[in-house]
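*Asks:* Please build the complex by placing chain B on the supplied structure of chain A, with the hints as guidance.
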Amino acid sequence: MSTERGAPRLLQRLSAGNAFPIFVVVFFILIIWYVAAFFMNLDLQRDAFANADQAYSTSDLVEGTMSQDRPRLPAPHQIAAEIDKTVFELSPSSKRSLVYHGAVTLEATLLGFAIGSALGMLLAVMIVHAASLERSLMPWIIASQTIPIIALAPMIVVIMNQFDVTGIVPKATISAYLSFFPVTVGMVKGLRSPDPLQLDLMRTYSATRFQTFFKLRAPASVPFLFASLKVAVAASLVGAVVAEMTKSEDGGFGARLLAGSYYGQTIQIWAALFAAAFCAAMLVMLVGMVDRAVSKRMGYVR
Amino acid sequence: MLESIPKAESGAEARAARVIDISRLSLTFETSDGPVEALSGIDLSIERGEFVSLIGPSGCGKTTLLRVIADLETPTSGKVIINGLTPSEARLERAYGYVFQAPALYPWRTIARNIALPLEIMGFSKEERKERVQRNLDLVNLSGFERRFPWQLSGGMQQRASIARALAFDPDLLLMDEPFGALDEIVRDKLNEQLLQLWNKTRKTVVFVTHSIPEAVFLSTRIVVMSPRPGRIHDVIECGFARDRTLEVRETRQFLEIANRVRHGLREGHSYVD
Numbered sequence: 003m004s005t006e007r008g009a010p011r012l013l014q015r016l017s018a019g020n021a022f023p024i025f026v027v028v029f030f031i032l033i034i035w036y037v038a039a040f041f042m043n044l045d046l047q048r049d050a051f052a053n054a055d056q057a058y059s060t061s062d063l064v065e066g067t068m069s070q071d072r073p074r075l076p077a078p079h080q081i082a083a084e085i086d087k088t089v090f091e092l093s094p095s096s097k098r099s100l101v102y103h104g105a106v107t108l109e110a111t112l113l114g115f116a117i118g119s120a121l122g123m124l125l126a127v128m129i130v131h132a133a134s135l136e137r138s139l140m141p142w143i144i145a146s147q148t149i150p151i152i153a154l155a156p157m158i159v160v161i162m163n164q165f166d167v168t169g170i171v172p173k174a175t176i177s178a179y180l181s182f183f184p185v186t187v188g189m190v191k192g193l194r195s196p197d198p199l200q201l202d203l204m205r206t207y208s209a210t211r212f213q214t215f216f217k218l219r220a221p222a223s224v225p226f227l228f229a230s231l232k233v234a235v236a237a238s239l240v241g242a243v244v245a246e247m248t249k250s251e252d253g254g255f256g257a258r259l260l261a262g263s264y265y266g267q268t269i270q271i272w273a274a275l276f277a278a279a280f281c282a283a284m285l286v287m288l289v290g291m292v293d294r295a296v297s298k299r300m301g302y303v304r
Numbered sequence: 025m026l027e028s029i030p031k032a033e034s035g036a037e038a039r040a041a042r043v044i045d046i047s048r049l050s051l052t053f054e055t056s057d058g059p060v061e062a063l064s065g066i067d068l069s070i071e072r073g074e075f076v077s078l079i080g081p082s083g084c085g086k087t088t089l090l091r092v093i094a095d096l097e098t099p100t101s102g103k104v105i106i107n108g109l110t111p112s113e114a115r116l117e118r119a120y121g122y123v124f125q126a127p128a129l130y131p132w133r134t135i136a137r138n139i140a141l142p143l144e145i146m147g148f149s150k151e152e153r154k155e156r157v158q159r160n161l162d163l164v165n166l167s168g169f170e171r172r173f174p175w176q177l178s179g180g181m182q183q184r185a186s187i188a189r190a191l192a193f194d195p196d197l198l199l200m201d202e203p204f205g206a207l208d209e210i211v212r213d214k215l216n217e218q219l220l221q222l223w224n225k226t227r228k229t230v231v232f233v234t235h236s237i238p239e240a241v242f243l244s245t246r247i248v249v250m251s252p253r254p255g256r257i258h259d260v261i262e263c264g265f266a267r268d269r270t271l272e273v274r275e276t277r278q279f280l281e282i283a284n285r286v287r288h289g290l291r292e293g294h295s296y297v298d
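For the record, the sequence lines run as chains A and B. My numbering numbers the first residue of the first sequence as 3 and each following residue consecutively. My numbering numbers the first residue of the second sequence as 25 and each following residue consecutively.
Same shape as in the complex, but just chain A (with noise of 0.2 Å):
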């Protein structure tokens, strides 16, 4: 298997573990963002240098693609560096720091994400043990998703509003919306795993419904319902983005998405959307960590 020749080992080390393939992408994926952002930005370029009636060459159109203050589309280091500043420059407490957008993006989305996975589970339950709730409840779960949310979530704020409730609930309200779906569809699932062997068991030890639930159909249905969360986590986190478009006041990812998008500010935008994708992919890590944590204990890893 090993080959005696060092280069050839390194390179096999290498492309075994997740740090090369994923370094390889983002290679190429910078490589074509700043050929991209080259032709998107340069008769914006040429404008600019034709309106100061300036001679310039190609090295000059290069730097000044890379340099813009409104790029269509910003190159990687204007973004790390908007990053870099309004993350590690900023106070934490200053109304233009990532930091604090967030903060309370996250704080809808942990709230709503906690609503979303209990609403679905309890949904779920409830559908496993009666026929007449599928029939009746899952046309309308299914409907519920079909709504585009960014059509839903001004309505929830207003008549949240109506009733004085203001504040963290309505964004949570929106996110949990998004988020219950996939708990809901992936318990159902996992609730009905268990195969006929192991539900006739049961039957033999004259087992209640209830001990059935909790013996066999919940611990079997634990490795759907991580599946799902982790697709409940970014939904969570989408939900809140959203929300806060609608309900910029508060701040939040998506205010800084609603008021980069207001004035133009590409690499505001770019920046709040990279810092936003950086959040849910933690997220998702963290339900993927208590996953094999919970899995281990289990028996369910090999």
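Any given hint might turn out to be false.
What the hints assert, rightly or not - Below are the BS3-like pairs computed for lysine-lysine, each with C-alpha atoms no more than 30 Å apart in a straight line:
hint: 1; chain 1: B; residue 1: Lys214; chain 2: B; residue 2: Lys225
hint: 2; chain 1: A; residue 1: Lys298; chain 2: B; residue 2: Lys103
hint: 3; chain 1: B; residue 1: Lys150; chain 2: A; residue 2: Lys217
hint: 4; chain 1: A; residue 1: Lys217; chain 2: A; residue 2: Lys232
hint: 5; chain 1: A; residue 1: Lys191; chain 2: A; residue 2: Lys232
hint: 6; chain 1: A; residue 1: Lys97; chain 2: A; residue 2: Lys87
hint: 7; chain 1: B; residue 1: Lys103; chain 2: A; residue 2: Lys217
hint: 8; chain 1: B; residue 1: Lys150; chain 2: A; residue 2: Lys298
hint: 9; chain 1: B; residue 1: Lys150; chain 2: B; residue 2: Lys225
hint: 10; chain 1: B; residue 1: Lys154; chain 2: B; residue 2: Lys214
hint: 11; chain 1: B; residue 1: Lys154; chain 2: B; residue 2: Lys103
hint: 12; chain 1: A; residue 1: Lys298; chain 2: A; residue 2: Lys191
Claimed, not checked - In silico negatives: residues of chain B with every beta carbon more than 10 Å from chain A:
hint: 13; residue: Gly58
hint: 14; residue: Ala94
hint: 15; residue: Leu96
hint: 16; residue: Ser101
hint: 17; residue: Arg118
hint: 18; residue: Arg133
hint: 19; residue: Ile145
hint: 20; residue: Glu152
hint: 21; residue: Asp196
hint: 22; residue: Ile237
hint: 23; residue: Arg277
As the list claims (entries may be wrong) - The calculated label-pair distances, taken between Cβ atoms and stated as ranges, are:
hint: 24; chain 1: A; residue 1: Arg294; chain 2: B; residue 2: Arg118; range: 35 to 43 Å
hint: 25; chain 1: A; residue 1: Ala220; chain 2: B; residue 2: Glu54; range: 27 to 35 Å
hint: 26; chain 1: B; residue 1: Gly168; chain 2: A; residue 2: Leu154; range: 56 to 64 Å
hint: 27; chain 1: A; residue 1: Met287; chain 2: B; residue 2: His235; range: 48 to 56 Å
hint: 28; chain 1: B; residue 1: Gln278; chain 2: A; residue 2: Arg294; range: 54 to 62 Å
hint: 29; chain 1: B; residue 1: Thr52; chain 2: A; residue 2: Ser297; range: 40 to 48 Å
hint: 30; chain 1: B; residue 1: Lys150; chain 2: A; residue 2: Leu275; range: 50 to 58 Å
hint: 31; chain 1: A; residue 1: Ala220; chain 2: B; residue 2: Lys150; range: 16 to 24 Å
hint: 32; chain 1: B; residue 1: Ile210; chain 2: A; residue 2: Ser297; range: 16 to 24 Å
hint: 33; chain 1: B; residue 1: Thr100; chain 2: A; residue 2: Phe165; range: 56 to 64 Å
hint: 34; chain 1: B; residue 1: Ser112; chain 2: A; residue 2: Ser297; range: 35 to 43 Å
hint: 35; chain 1: A; residue 1: Phe90; chain 2: B; residue 2: Gly168; range: 49 to 57 Å
hint: 36; chain 1: A; residue 1: Met287; chain 2: B; residue 2: Pro131; range: 19 to 27 Å
hint: 37; chain 1: B; residue 1: Gln278; chain 2: A; residue 2: Phe216; range: 45 to 53 Å
What the hints contain is simulated information worked out from the structure, not anything from laboratory work. Everything numeric in this text was worked out from a predicted model, so none of it was measured. Glycine included, each C-beta is placed from N, C-alpha and C at the ideal position.
*Replies:* Leaving out everything else, chain B in the frame of chain A:
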């Protein structure tokens, strides 16, 4: 050919010794292709301490018959009495332990916790559970594996764990549905010998479904030969081997004669031409 089993003399004593009493049992499944007669006119009674094998080709209803006894299927007509109770009453009384074709261990439970499962459901105390798990692990020679998960054990060990699970709450009646069907010949021989010792030691009543002739002859006090379409009893054969027999009994003349009779019964009951 339909042969009813000679019934033991009636009387309180005989009834107390009778664990299973089945008369004129029929079961028809309604399928999308029309009704399928799985069992027809079954008469069978089993006394306490017997080891009865149900043998027959696939589709002869032997598993269905076992499932009727366990109240996992409901007969269309006929009468089934378990310990003087209906099957569903007997199930609620937890009269039997059932061993399935597959071990059906719960993968998220360790071996010890799998064996403790029926004990948890039946409300045994923690100390009692611990004691019984250990005792039954010893009984099936699985001591030392209590903290392993099912996937860490071989197929034969998993099936032994499932037998320990069925024995954990100490039912008098053990229903076994081809428990060793998926195992190789050598493991099967070993488990057959262990099962026989277990039966000899615990004096339980066993109903055992199999499609292996040597297995049935080696294990049983009585062999019920079944034939398919519809599932019915073709022949009942007594085996009078000593309770503490070993695998060597398979080389005796008596063993071969009984095995031959079973083989003939199977051949008569079922045409392999179709």
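*Asks:* It remains to establish, for every hint, whether it holds in the given structure.
*Replies:* How the hints compare with the structure:
1. B/Lys214 <-> B/Lys225: holds (17 Å)
2. A/Lys298 <-> B/Lys103: This hinted pair is violated, its Cα atoms lying about 49 Å apart.
3. B/Lys150 <-> A/Lys217: holds (16 Å)
4. A/Lys217 <-> A/Lys232: Measuring from Cα to Cα gives roughly 24 Å; hence the hint holds.
5. A/Lys191 <-> A/Lys232: holds (16 Å)
6. A/Lys97 <-> A/Lys87: With a Cα-Cα distance of about 13 Å, the restraint between A/Lys97 and A/Lys87 holds, given a limit of 30 Å.
7. B/Lys103 <-> A/Lys217: With Cα atoms ~33 Å apart, B/Lys103 and A/Lys217 exceed 30 Å; violated.
8. B/Lys150 <-> A/Lys298: OK: B/Lys150 and A/Lys298 at ~24 Å, within 30 Å.
9. B/Lys150 <-> B/Lys225: Holds. B/Lys150 to B/Lys225 sits at ~26 Å (cutoff 30 Å).
10. B/Lys154 <-> B/Lys214: holds (27 Å)
11. B/Lys154 <-> B/Lys103: violated (39 Å)
12. A/Lys298 <-> A/Lys191: Since the Cα atoms of A/Lys298 and A/Lys191 sit roughly 21 Å apart, the hinted pair holds (cutoff 30 Å).
13. Gly58: B/Gly58 clear of chain A: closest Cβ-Cβ about 23 Å, beyond 10 Å.
14. Ala94: violated (6 Å)
15. Leu96: Not fine: 6 Å to the nearest Cβ puts B/Leu96 too close to chain A.
16. Ser101: holds (22 Å)
17. Arg118: Its Cβ does come within 10 Å of chain A, the nearest being 6 Å, so this is violated.
18. Arg133: Per Cβ check, B/Arg133 is inside 10 Å of chain A; nearest 8 Å; violated.
19. Ile145: Its Cβ does come within 10 Å of chain A, the nearest being 5 Å, so this is violated.
20. Glu152: Label holds. Min Cβ-Cβ 16 Å, cutoff 10 Å.
21. Asp196: holds (14 Å)
22. Ile237: For B/Ile237, whose nearest Cβ neighbour in chain A is about 26 Å away, the distance exceeds 10 Å, so it holds.
23. Arg277: holds (40 Å)
24. A/Arg294 <-> B/Arg118: 35 to 43 Å: holds (38 Å)
25. A/Ala220 <-> B/Glu54: 27 to 35 Å: holds (33 Å)
26. B/Gly168 <-> A/Leu154: 56 to 64 Å: The hinted range 56 to 64 Å holds for B/Gly168 and A/Leu154, with Cβ atoms some 59 Å apart.
27. A/Met287 <-> B/His235: 48 to 56 Å: This hint holds: roughly 51 Å between Cβ atoms.
28. B/Gln278 <-> A/Arg294: 54 to 62 Å: Check passed, 59 Å falls within 54 to 62 Å.
29. B/Thr52 <-> A/Ser297: 40 to 48 Å: Because 45 Å falls inside the window, the suggested range holds.
30. B/Lys150 <-> A/Leu275: 50 to 58 Å: holds (55 Å)
31. A/Ala220 <-> B/Lys150: 16 to 24 Å: holds (21 Å)
32. B/Ile210 <-> A/Ser297: 16 to 24 Å: violated (34 Å)
33. B/Thr100 <-> A/Phe165: 56 to 64 Å: Taking Cβ atoms as reference, B/Thr100 and A/Phe165 lie about 60 Å apart, which means the hint holds.
34. B/Ser112 <-> A/Ser297: 35 to 43 Å: holds (38 Å)
35. A/Phe90 <-> B/Gly168: 49 to 57 Å: holds (56 Å)
36. A/Met287 <-> B/Pro131: 19 to 27 Å: holds (26 Å)
37. B/Gln278 <-> A/Phe216: 45 to 53 Å: holds (52 Å)
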